Amino acid sequence: MAKILVLIFGLLIIGFIVWWFFGKHEVAEVSADVTDDAQSIDVEVNGGYSPETVVLKKGIPATLNFTRKDKSSCLDRVVFSDFGINQELPINETEEIKIDTTKPGEYQWACGMDMFHGKLIIK
Amino acid sequence: MTITKRFWISLILSLPMLANMIMMPFGKMIPGGEWTQFILTTIIMLISARPFWQSGWASFTKHHSNMDTLVAIGTLTAYVYSIYAMATHQAVFFESAAFVTTFVLLGQVFEERMRNNASNAVEKLVDLQAKEAEVMRDGKLVKLPLEEVVEGDIIRVKPGEKVAVDGVITEGTSTIDESMVTGESMPVSKKAGDKVIGSTINSNGTFMFKAEKVGKDTMLSQIVDLVKKAQNSHAPIQNLTDKVSDIFVPVVLILAILTFMVWYVFLDASVANSLIFAVSVVVIACPCALGLATPTALMVGTGRSAKMGILIKNGEVLEAVNEIKAVVFDKTGTITVGKPEVTNIVGDEKAVLSVATGLEQSSEHPLASAIVKKAEAEKISTPKVADFQAIEGKGVQAVIDGKKSFVGNDKLLNDVSISDDLQKQVIKLQEEAKTVVFVGVEDQVIGLIAIQDAPKETSKEAIAALKSRGLRTVMLTGDNQRVAQAIADQVGIDEVIADVLPSEKADHVKALQQNEKVAFVGDGINDAPALTVADVGIAMGSGTDIAIESGGIVLVKNDLRDVDKALALSKKTFNRIRLNLFWAFIYNVLGIPVAAGIFYGLGVILSPELAGLAMAFSSLSVVTSSVLLNKAKISSKVETA
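Chains as they are written, first to last, in this note's numbering: chain A, 10 to 132; chain B, 3 to 643.
Just so you know, the hints here were simulated from the structure itself, not pulled from any lab data. Please read all numbers here as calculations on a predicted model, not as lab measurements. Don't be surprised by glycine CBs; every beta carbon is placed ideally from N, CA and C. It is possible that part of the hints are untrue.
[Said to hold, decoys possible] With a straight-line Cα cutoff of 30 angstroms, these simulated DSBU-like cross-link-like pairs (lysine-lysine) come out: (1) A:Lys107 <-> B:Lys245; (2) A:Lys107 <-> B:Lys197; (3) B:Lys341 <-> A:Lys107; (4) A:Lys132 <-> B:Lys231; (5) A:Lys128 <-> B:Lys218; (6) B:Lys633 <-> A:Lys67; (7) A:Lys128 <-> B:Lys245.
[What the hints assert, rightly or not] Computed footprint of chain A on chain B; a stretch qualifies when at least three of its residues, placed anywhere within it, have a C-beta under 8 angstroms from a C-beta of chain A: (8) 63 to 71; (9) 105 to 114; (10) 246 to 255.
[As the list claims (entries may be wrong)] Taking CB as the label site, the calculated pair distances span: (11) B:Val606 <-> A:Ser40: 31 to 41 angstroms; (12) A:Asn101 <-> B:Ile41: 27 to 37 angstroms; (13) A:Thr62 <-> B:Pro33: 50 to 60 angstroms; (14) B:Gly603 <-> A:Ala37: 43 to 53 angstroms; (15) A:Phe31 <-> B:Arg580: 49 to 59 angstroms.
I would like the entire structure built from these sequences, with the hints used as guidance.
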């Protein structure tokens with residue numbers, strides 16, 4: 010009896026894992042605050058990036074303020090491979106990252122180990 | 003708290019449990035028994051392991067998972083089960099939770115150090131910059147910080163000082179050590195009119211130079227920029243790991259649950275044993291090794307090549323180099339020195355030179371400047387020229403002293419007449435690798451000018467090295483077939499494509515690409531399209547900005563032998579990436595089944611502690627293998643300059 014319960018319970022957890030990690034979940038898209046000649050947005054780094062998708066206006070100099078709250082060494086660097094940026098993120102400090110917004114498009118950013126990803130949309 | 007501190011705390015508190023484990027077979031236990039273990043492990047969990055839980059939980063709420071998720075679940079399962087077992091008087095395994103934490107942290111401490119090692123090559127380059135410069139302002143020399151130097155400033159450099167920015171020497175001579183920028187180890191002597199590069203070191207003379215490029219435009223800044231982009235670029239081979247990393251952790255969790263169910267439900271193992279197998283599966287899986295395999299090798303490989311004066315632009319180039327079967331060279335300035343000189347004049351020397359220099363006076367063609375230079379040396383005055391006209395791809399014509407005169411290549415011969423004697427001379431000269439220019443008046447060739455652009459001293463060696471790598475070498479040139487073949491024979495080129503118009507270079511590269519992957523080596527403005535079209539474009543450093551922009555690999559030193567070195571380095575780096583990925587995959591593919599107890603029947607099992615140790619060392623070994631790329635021998639036949 011106990012074994013059957015374990016079997017059912019185990020399968021339920023597997024079902025949950027599949028739904029939780031592989032199911033479709035909405036990702037918030039956040040646009041930067043734009044003033045006349047600058048735009049900026051705060052990105053919190055804690056078990057991933059929030060927001061995970063950042064929208065920037067083309068042609069206006071942009072700053073992304075990354076603050077790492079997560080102690081995991083997985084997230085201690087943020088890499089924008091298209092921009093040649095590889096910035097160390099000391100814990101609980103805000104690091105400004107300047108983005109060149111002259112070319113519109115979709116760009117990826119990732120943690121130093123390429124496990125967590127974020128998306129940058131310039132339009 | 004830093005990772006290092008968390009590691010030490012967890013190590014020290016784990017030691018008594020280690021002692022306990024060793025004493026166990028002798029029937030002894032540490033004082034306090036299970037209670038001591040419980041207390042020590044609780045402290046480790048709260049101080050050293052808690053950040054794993056926090057990170058794991060934070061990513062869980064975002065529908066993500068990472069290796070912290072695995073470590074958190076592994077240690078927490080072992081810990082919580084042990085408390086339950088203690089309450090119900092069964093065997094506990096607190097030490098598993100403690101040891102796994104310790105080993106994982108140990109791995110991270112080393113890994114952090116190694117990763118910093120891998121990435122700081124560029125920062126060192128930036129440090130090379132001079133901090134201040136002696137600048138002429140209002141007729142006086144004043145010391146100014148580097149940021150205040152502007153274009154057009156006249157700057158003095160004394161012996162032993164660093165050149166502040168890029169510019170041209172206005173007075174004085176010296177020798178300059180340019181190794182930090184170009185990788186060239188021999189000091190280079192410079193005089194007025196020569197270019198100097200910022201951040202290089204002046205050795206013995208004092209000179210003044212005019213600043214031409216400052217701040218972000220200096221060569222060093224551009225190199226740093228390029229290397230940074232290269233180091234953080236994405237290699238196509240990573241697309242695979244990107245896909246794997248998205249599903250890796252959840253899949254491992256599912257495997258762990260299946261492991262538990264199979265052991266407990268179908269194989270009648272006890273709860274404790276089934277749980278140990280499941281925890282081992284969670285703990286041994288290492289997504290980090292996969293994620294680190296490519297970026298760390300890319301970083302070290304491109305950083306090392308930059309130090310040698312070889313700039314590899316990105317991971318894509320690195321990968322493309324592996325499939326190259328043929329290398330196509332531009333002739334002028336790449337294989338040859340690029341400074342043609344007049345060697346023979348056939349016919350009435352004065353008359354021939356006079357007509358030729360009149361027609362070529364305003365041309366910027368390298369052959370034209372060779373003729374003008376010769377005329378100046380012979381003190382021949384330039385005649386008056388009227389009705390100047392270019393004949394596309396053939397030469398130029400104009401009216402001199404009321405007579406139609408022309409200068410051009412052998413494509414002109416269809417329109418004009420030439421004596422048999424001269425015709426024989428032409429062939430003789432061309433077979434000596436000399437380009438022949440025809441000079442004529444009123445549709446009759448009156449004389450010949452032979453111009454030679456000698457191959458660089460190093461070209462032969464460079465091409466031999468490429469051939470020994472099994473690559474086919476091809477030369478593209480606008481020159482006549484016979485001249486081109488003569489040069490090709492001198493340096494050992496396999497195939498010659500001659501009579502190519504500048505605008506056709508890219509088309510010829512495309513045609514070659516039909517059969518095989520092709521690298522193109524060139525330097526001039528008209529090489530840019532070919533550099534872009536080729537699978538790998540290699541731009542020589544003496545080239546123009548446009549050429550450097552279009553190349554996938556830039557050779558700062560302008561030494562053809564670096565082509566072979568660049569290929570060797572790219573291959574080495576790419577092979578290291580492949581090796582890293584192979585081990586990272588194999589490790590997980592073999593490690594997980596072993597941890598799940600598949601080989602239990604053979605007596606092979608992995609305790610969670612060993613699984614944790616294996617995991618820590620797998621990502622560490624990947625990073626170490628990348629850092630060792632710095633020391634790896636580069637097998638190139640050419641001598642290291």
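Where does the structure disagree with the numbered hints, that is, which hint numbers, in rising order?
2, 3, 6, 11, 15
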